[in-house]
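Let the hints inform the model, and build the full structure from the sequences given.
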Amino acid sequence: MEEGKAEVESKEGNSGEVKKGVASIALLPSGSLSGHFIQLPQSICYGLHGTELICERECSRGEDYRLIKLTITDFNSKKEQTVVVECKGHDAARFHTIDHAHGWEKDIVGLVEQKQEKKKILISFECETLKADNAAEDHIRRFMPKLSGLDAVVNIGPMSISGLDFQAEESGSGQKI
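The sequence shown begins at 1 in my numbering and counts up one residue at a time.
Hints should not be assumed to be uniformly reliable.
[Stated by the list, open to error] Estimated spans, in silico, between C-beta atoms of each pair:
| id | residue 1 | residue 2 | range |
| --- | --- | --- | --- |
| 1 | Ser43 | Arg142 | 15 to 23 Å |
| 2 | Asp151 | Glu17 | 35 to 43 Å |
| 3 | Glu17 | Ala132 | 29 to 37 Å |
| 4 | Asp151 | Ser43 | 29 to 37 Å |
FYI, nobody ran anything at the bench for these hints, they're computed from the structure. Beta carbons: idealized from backbone N, C-alpha and C, even for Gly.
Shown next as structure tokens:
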């Protein structure tokens, strides 16, 4: 977590308030993900939904490396913002905002560069608790019942988010892919 935490904090000047909390994320066999980010005592809860971007993997990346289009939803305002993050690890995942996408296909590079023109959202997540099989299914039934029976694994761990501005979306400058 320290590397990602330092990344978010070092760029805080450009990205505004850093929200630190805990995320519970279900990783589905299809490569997509769904979950929640919770920050206490402020009682902030965001929905997280991600889909794997299908593209040629840069040759210097490991087998467990992939890009995820992550949508963050503010449940109170029903507004969304989207960011491209890199995901490392299979079942025990780590997500971090990518600085560049050199070596990827042009449409992926375009997505990342488009995001950097706007106020940048920075994400850092490290799995500390991995739940699989019955433990994962029990967790999913309790907190994400719509995902029950999909054979997902659950990652729980600290997450930092900065650069979110759901009010800016109202004025037309929100990040949406």
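Evaluated hints:
1. Ser43 - Arg142: 15 to 23 Å: 19 Å, holds
2. Asp151 - Glu17: 35 to 43 Å: With Cβ atoms ~37 Å apart, the hint holds.
3. Glu17 - Ala132: 29 to 37 Å: For Ala132 against Glu17, whose Cβ atoms are near 34 Å apart, the range 29 to 37 Å holds.
4. Asp151 - Ser43: 29 to 37 Å: Given range 29 to 37 Å: holds, Cβ gap about 32 Å.
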